[in-house]
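The opening residue of the sequence shown carries number 1 in my numbering; numbering runs sequentially from there.
Hints are computed from structural coordinates only; laboratory data are not their basis. Honestly, I wouldn't trust all of these hints.
[Claimed, not checked] In silico DMTMM-like pairs for lysine to aspartate or glutamate, Cα to Cα no more than 20 angstroms straight-line:
id, residue 1, residue 2
1, Lys136, Asp12
2, Lys136, Asp150
3, Lys159, Glu141
4, Lys117, Asp150
5, Lys149, Asp82
6, Lys114, Asp82
7, Lys159, Asp82
8, Lys129, Glu141
9, Lys136, Glu32
10, Lys83, Asp17
11, Lys114, Asp12
12, Lys117, Glu148
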Amino acid sequence: MLQKIIRDPIYDYISFDIPQDQWALDLLNTPEVQRLRFIHQLGVSSYTYPGASHSRLSHTLGVFHLMQMALRHLREYIEQDDKVVRKTLLGAAIVHDVGHGPFSHLFEGRLGQKHEKWTKDIINCPSLKINQILQKEGILEQVSALIEKDNFTQPHWQKSLITSQLDLDRMDYLLR
Numbered sequence: 001m002l003q004k005i006i007r008d009p010i011y012d013y014i015s016f017d018i019p020q021d022q023w024a025l026d027l028l029n030t031p032e033v034q035r036l037r038f039i040h041q042l043g044v045s046s047y048t049y050p051g052a053s054h055s056r057l058s059h060t061l062g063v064f065h066l067m068q069m070a071l072r073h074l075r076e077y078i079e080q081d082d083k084v085v086r087k088t089l090l091g092a093a094i095v096h097d098v099g100h101g102p103f104s105h106l107f108e109g110r111l112g113q114k115h116e117k118w119t120k121d122i123i124n125c126p127s128l129k130i131n132q133i134l135q136k137e138g139i140l141e142q143v144s145a146l147i148e149k150d151n152f153t154q155p156h157w158q159k160s161l162i163t164s165q166l167d168l169d170r171m172d173y174l175l176r
């Protein structure tokens, strides 16, 4: 099996198994996800702490990596052939922050809409590549439900990996 390797300052290597994870690489390379390369994870904090300058894209890669690790540990609880669960969780890890704008949470109050709602709107827009990939993989509805804070249609254990007080998003945030 071939691998695409991405270097990361926290985890050293983040790997994508090819062809199994080609869809995830394609998702990562959409314009909607790649724009996160230019958005600081910590918003305006980098003005006070110049070293705190990592991007939402590097954070997204970190959350993807942590999800891979979690899925390896949860393997015995997930049916062997349940590739939809694996894809859903990895897809949610990749797209969970696409709704963030410049300065992250700072402008959410001003705009009157949380980034999760923007994320849901973006991934559900049929004209965008991100939507087309999630549709093709058959995981759009599940990913959308995981991202939406008040939607509890997905199993609790899946939701808690993406949206909870101690989710993988927060774990990577704390490590970065």
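Hint check:
A hinted pair counts as satisfied when its Cα atoms are at most 20 angstroms apart, and Lys136 with Asp12 does not qualify at roughly 31 angstroms. Distance check on the hinted pair: Lys136 and Asp150 sit about 25 angstroms apart at the alpha-carbon level, beyond 20 angstroms; violated. Among the hinted pairs, Lys159 with Glu141 is consistent with the structure: their alpha-carbon atoms are about 13 angstroms apart, no more than 20 angstroms. For the suggested pair Lys117 and Asp150, the alpha carbons sit about 11 angstroms apart, so the restraint of at most 20 angstroms is met.
Restraint check for Lys149 and Asp82: not satisfied, since their Cα atoms lie roughly 24 angstroms apart, outside the 20 angstroms limit. Distance check on the hinted pair: Lys114 and Asp82 sit about 32 angstroms apart at the alpha-carbon level, beyond 20 angstroms; violated. Distance restraint check for Lys159 and Asp82: the Cα-Cα separation of roughly 17 angstroms lies within the 20 angstroms cut-off, and the hinted pair is therefore satisfied. A hinted pair counts as satisfied when its Cα atoms are at most 20 angstroms apart, and Lys129 with Glu141 qualifies at roughly 16 angstroms.
The straight-line distance between the Cα atoms of Lys136 and Glu32 is roughly 17 angstroms, inside the 20 angstroms bound, and the hint therefore holds. Only pairs whose Cα atoms come within 20 angstroms are accepted, and Lys83 paired with Asp17 is accepted, the gap being roughly 14 angstroms. Only pairs whose Cα atoms come within 20 angstroms are accepted, and Lys114 paired with Asp12 is rejected, the gap being roughly 32 angstroms. In summary, the hint linking Lys117 to Glu148 is supported, as the alpha carbons are separated by about 7 angstroms, within the 20 angstroms threshold.
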